Amino acid sequence: GCGEKPAADGSPKAKADKVRIAMVVKSLGNGFFDAAHIGAQEAAAQLKDVEIIYTGPTTPSAEGQIEIVNSLISQKVDAIVISANDPNALVPIAKKAMQRGIKVVSFDSGLAQDGRLMQLNPSNAQLIGRRQLEMARDAIGGAGEIAILSASAQATNQNLWIDVMKAELAKPEFAQLKLVATVYGDDQSDKSYREAQGLLRSHPNLKAIIAPTTVGINAAGKAVVDEKLVGKVYVTGLGLPSEMAGHVKSGAVKEFAIWNPIDLGYAATYAAYDFVKGRPDAKAGGKVDAGRMGSIAIDAKGEAAMAEPFTYNAANVDKFAKIF
Amino acid sequence: MAATPHHTAPVLQMTGVSKRFAGIVALNKVALSVHAGEVLALIGENGAGKSTLVKTLTGIYRPDEGTIALGGQPVSFANAQDAMAAGITAVHQESVMFDELTVAENIWVGRQPLQRGRIDWARIEREAEQLFARLEVTLPVRARVKDLSVAQRHFVEIARALSQQARVVILDEPTAALSQREIVELYRIVRQLRAAGTAIIFITHKFDEIFAVADRYTVLRDGQYVAAGRIADVTEAELVALMVGRSVQQAYPKADVTPGEVLLEVRHFCHPTEFDDVSFQLRRGEILGFYGLVGAGRSEVMQALFGLTPRARGTVTLDGAEVRIACAADAIAHGIAYVPEDRQHQGAHLTMPILHNITLPILDRIGFFLRGRRARENAVARHYSEQLELKANHLCQHVAELSGGNQQKVVLGKWLATDPKVIILDEPTKGIDIGSKAAVHRFIGQLVSQGLAVILVSSELPEVLGLADRIVVMHQGRVQREFARSDATPENVVAAASGCAHALEAA
Amino acid sequence: MKVLKQREFLLACSIVVLVLLVGLRSPVFVSPASLANLLTDSTLLIMLALTQMLVIVTRGVDLSVASNLALSGMMAALLAARQPDLPLPLVMLAAAAIGLLLGLVNGWLIGYLELPPIVVTLGTMSVYRGLVFVLSGGAWVSSHQMPQHFIGFPLARLLGITHLVWIAAAVVLAAWFVARHSRFGRDLYAIGNAPSCARYVGIPTARRLLWTYGLSGLMAGLCGYLWVARYAVAYTEIAYGFEFTVIAACVIGGISIAGGTGTVTGAVLGALFLAVIGNALPVVQVSPFWQSALTGIVILAAVSINARDGKHGGRQILPLHQVDRSAA
Amino acid sequence: MNTTTADMTATHSSRYTIHDRPGFRLGALLGKWETLLALLFVAAFLANGILVPHFLDPYNLADGTFNFSEKALIALPMALLIICREIDISVSGILALASVAVGLAHTHGVPPALLLPVALAAGTACGLLNGVLVTRFALPSIVVTIGTVSLFRGLASVVLGDKAFTGYPQLMADWGQGYFFDVIPREFVVLLAFAALFAVVLHTTRWGRRIYAIGNNPVAARFAGIEVNRYRLVLFMLTGAMAGLAAWLLTGRIGSTRPNIAMGWELEVITMVILGGVSIAGGAGTIGGVMLAVLTLGTVTYGLSLANVPGIYMTIVVGLLLLVTIALPRLLHGRKVAK
Ligand SMILES: Nc1ncnc2c1ncn2[C@@H]1O[C@H](COP(=O)(O)OP(=O)(O)OP(=O)(O)O)[C@@H](O)[C@H]1O
Ligand SMILES: Nc1ncnc2c1ncn2[C@@H]1O[C@H](COP(=O)(O)OP(=O)(O)OP(=O)(O)O)[C@@H](O)[C@H]1O
Ligand SMILES: [Mg+2]
Ligand SMILES: [Mg+2]
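Residue numbers (our numbering), protein chains in the order written: chain F, 1 to 324; chain B, 1 to 507; chain E, 1 to 328; chain L, 1 to 339.
In isolation and in its complexed conformation, chain F is listed as follows (with noise of 0.2 Å):
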């Protein structure tokens, strides 16, 4: 019996009393999502009635989350909520367990339109592309070359960023800046080091690398640093306080970007919930109840956006390490 509703009342089971909440990341082992973690269980403990299940695969792929949610329409979770690797790869099995009566929310990196009822995102792209253009413009005082490395060309949130930041860069308030080049560093250390590297030797006038990928984003720093660039190179984007510190201390890094992580996993929690529990409002078009973080509108299209991105600096950086 597949059809069967664990929420329903009455169930024998005392784990069936619980909302089972399965939090499916990209990746395991990223201290970004670790901190989304906590704030689910932070609105788990509000909630009181939530189990938080916080899963992802080893390497960032799409097969490996299919894998996991494959195995969690198995449990007959109540509701899950995933950052997806692939919008579109994750489709197919997410309307499976949407069929089976499992609530799929995405949030932070989004699944297409038809395979969840709701995308939280963590700001929205617009915000999130404009913001590190502005820390760039900032940082080099309004003029120059910029450059920009991602992580892998598969990645889909940093791609939609790098179309805002290519589109934005034709604004009369960006007509100073001129984006040389765009590589990718594969979310490996060595590799974005080199491409870093690469940047800074073959364009001599290079006054500020983008990086919205926290391994790159270190890798530039660190290629800063050891090129004695720092003060002529700036490197700005998004990364973790705790994992930029060192970067900004350094100097390589005046300013970078985050969302709150924890705000986002308890926001996207509190959103599952209202799902699970069939609020009348949690629909497109509606408004989810986010605890702490009030309500949160949802639009036509099933998304949501939260607060703009928070910029970090030496000013307000080691306080937010010690959190995430």
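In case anyone wonders, no lab produced these hints; they're calculated from the structure.
Every value quoted in this text rests on a predicted model; they were computed, and no experiment measured them.
All clues stand as given, with none of them false.
Only pairs whose alpha carbons sit at most 25 Å apart, straight line, appear in this in silico SDA-like list of lysine to any residue:
(1) K32/L to A284/L
(2) K254/F to N124/F
(3) K232/F to G152/E
(4) K32/L to R20/B
Once you've looked at the hints, dock chains B, E and L with the ligands against the given chain F.
Relative to chain F, chains B, E and L with the ligands alone:
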């Protein structure tokens, strides 16, 4: 021949030594002793346990029971190094060679002399040169072993054994791959060693050798000690009887077959590096001997004829029609079979059952689905195994579990099973015992009387002279001369093989 | 001997040509600083390729090096992060010791249990990689957690040359000595040439294999520290897939996967060749999407060139043949 | 040939009796790798059934097969290759390139029914390249395929860049993720059909016999009239084709193609084959063993994932499983006697 010093105690004495492999008793309470300054011939049929005995003596196998005493002291070896340190060395039946290393290093491998922590290459080369000088052979000590001929490799192994100044030197079929000239060379070395007081164990299937070099003999049969004594006190027939446990009809039984019409004709067979302008004819019911020194290129010609060498050119006519042989399968389809000389690498599939080995070239004839044809496969395999007196437990036994000679029989059986018109036997009796050798010779006779044509490549002069109707002698990749049976004498055949045929003809 | 020399000469030439070609397109690449950088960048690959060479010479392969590197590197980073006052040599020693231990596990399974190397190291590759995650709890060790001397060492300079290069040079010398002038090394060649014959001449095969894989592990451990310090970050996935780069370097350097042959020069040149490509691709600004395909083509081209003289075209039996032809 | 055999048997009798096959020994049967695997499989299945809730649900078991079906499809020809002393590290690259070919064909309006042939053709072509490099240039296959895996995946990324192909036809989705009678996954049925086919070819036909012979001793096989290089070439192409089939199924199942599709599968496939008792030195192994290994691995990993054990622990378990299963017989029987 030096008198055996029987009054002294033996250098090496084995008593009650047994060795079992899964299910097989290879050695059963064997006793053996050898004195300083004597040559002991260790004889026995294929699979009698000779090589196993050598391996227990050299620390490669550990005996299950029994004692080995060296100079009166009981010893036990954990590995080859222990045995070497105690003064026992061997030239094994299998080639122990490291292809990519130089000649000099091959001699010293595993025990290179050190000087201040690093290998003393100068000394290695110097001493290698001295060794070869002592052996009176010329070998480039810096050449890689893979570039040497089989005979030259053998001398490297012998040099390795000699370099250790051992008290006991064991030679396990050292002459199997050597030609006449090199064999004589080897005898000289053996006598030299004996004179220097070394004890030598000499294993061979060739009786003329036993009588030429040995002082005493020990006979093994089925892993058991049978007899021992002085060579001077026995005749060849007695030895054979001891070894086989029955009498064997010796000599080369020339089948009484008159060759028929020409079956195979090879003309102007060439290869860029291996041979040039080789032409010969082969008649139905004929045995055509191919003689030459080792490395004369006979095997290469035969392999090319069998379709294994793509770069060979020339015309091959079979039964009056010209045939094109591009691969071995073509050759098999045309009724040509080639029994290769290198059993381990070219002949047998060692970890496959006897059954599968024998039927491999004729799978096309057996059928596509082999499951249903099991009985037929068994019948073929059984037929040839029995005909060749194969010693095995069952047809599903892996070939690797058989003794060297029995492996050779499996390979022979495999090629006979293709039911060929022409069968090329490349050193067919290399390393097989006298009883089986006689069986092979009988069998060759039987083949020609059935109308087959046989090409017999052999480095054993008596075998070629005794069996062949005609003899083709090759030298350095070319046909040097062809002899009719009546013209061939050991002297002129050997002379032709050494390349001095013109001189003979002129005389 | 001559053939090998020739092959290595060819490889060295193609490296120089490659560098010059890249230099033609983007002159920065051939600036002294950039070349020095290239050298520094190739050191880890060179060191790993050298011990991998010893393994391949024995007819084996060590697929677990990258996982071993990650595990030892992570352990070193954790140690340094928890005990910032620990002297650096101790940390390096710890990394090397962990690597050695992991390598010895491989060596024991392969040498004493006579299990096939590819299978054993395939297994330990997963196990070691998994252990990185388990032991670190999946967390990163990032630059501000590591003490400054820990991070600074690899790129610090002695007589104007980075420590990395000094270490690599020492390793090259040591490898050359082992491969050419020690009994241990020569035994490895013998084992690779004819494994079943090695025991006939009294080579303790099991012990030799144990220490060969041990050595490979030791090097992975040392490189684990250097890697983590160099890039100032440690996480589960570091050096993921690097084992194939190391093997490719050996293969390009003419070390036969069939065992028994291979020189230190070959391994060093093979590693340099790959390092040049890895460094050149970002500089010449080919589309990043072409990088992997180009690397593949280059590897295939290099091994095809190597293979040409490996093919034996029959023996030379006819001594007079060529003379005849030329006379005619 | 038949007649000679018959009459000669009657006349000859050897001094030695040779039986057709060894007598039945329980020890031999128990010592077989397949028996060990079967026991392991049953043990894993029972342990999961008892310890893991939801495991025995037939729907779940059926769903569990999706996790390994495509890999197992590649493991079948890989087993033949490894038996033949070759190996193909490039299968995951072939899979990616074949998937890209399907995507390209689809976007250029090739009808859905023709996409399978496109996948097979692309896979076969990649296999052909591997095979030609191995046979013509006499290169070791591990070396060639380390190079081609980078090439194939690289070409996939050249075509795709940072884009993806999506929106595949329903036909592919039906085969990739559909069921027969709503319970039996089609992929699994495809796998079983191919496993049967491969088992028949390998174990009952002369082709199979020759594959064993080549793996056992390639030189002797050539001397016995087997066209060794042709067999190798065909096996590489077959592996390519099966990777193409797997690409078609996987693409259908996930409905999307990216250059990093099936990253790292080659090692999982090879693990399946080796755990299945196929000797990496060639010449030994059975399809039955490989299928048992596939099912065992599938059971173990599925059980672990139902227990929400993180994937990285699973790699440890799989690695240990591999090591323990190959080391255990050696530890129990002592070291093998040297040849
Ligand atoms: N490693 C092994 N495993 C199993 N059986 C073996 C092994 N080595 C030898 N045997 C068996 O032991 C017996 C003796 O073999 P051995 O090689 O000592 O014979 P041999 O006297 O040297 O014969 P040949 O003259 O043919 O070389 C044979 O029956 C052989 O099948
Ligand atoms: N240097 C070598 N390199 C490669 N193979 C060799 C070498 N020397 C010998 N062989 C192989 O070993 C086998 C035995 O060679 P051998 O020296 O007996 O010469 P041969 O060509 O067989 O000459 P013949 O048959 O005339 O004695 C042959 O199969 C030959 O191909
Ligand atoms: Mg013997
Ligand atoms: Mg010959």
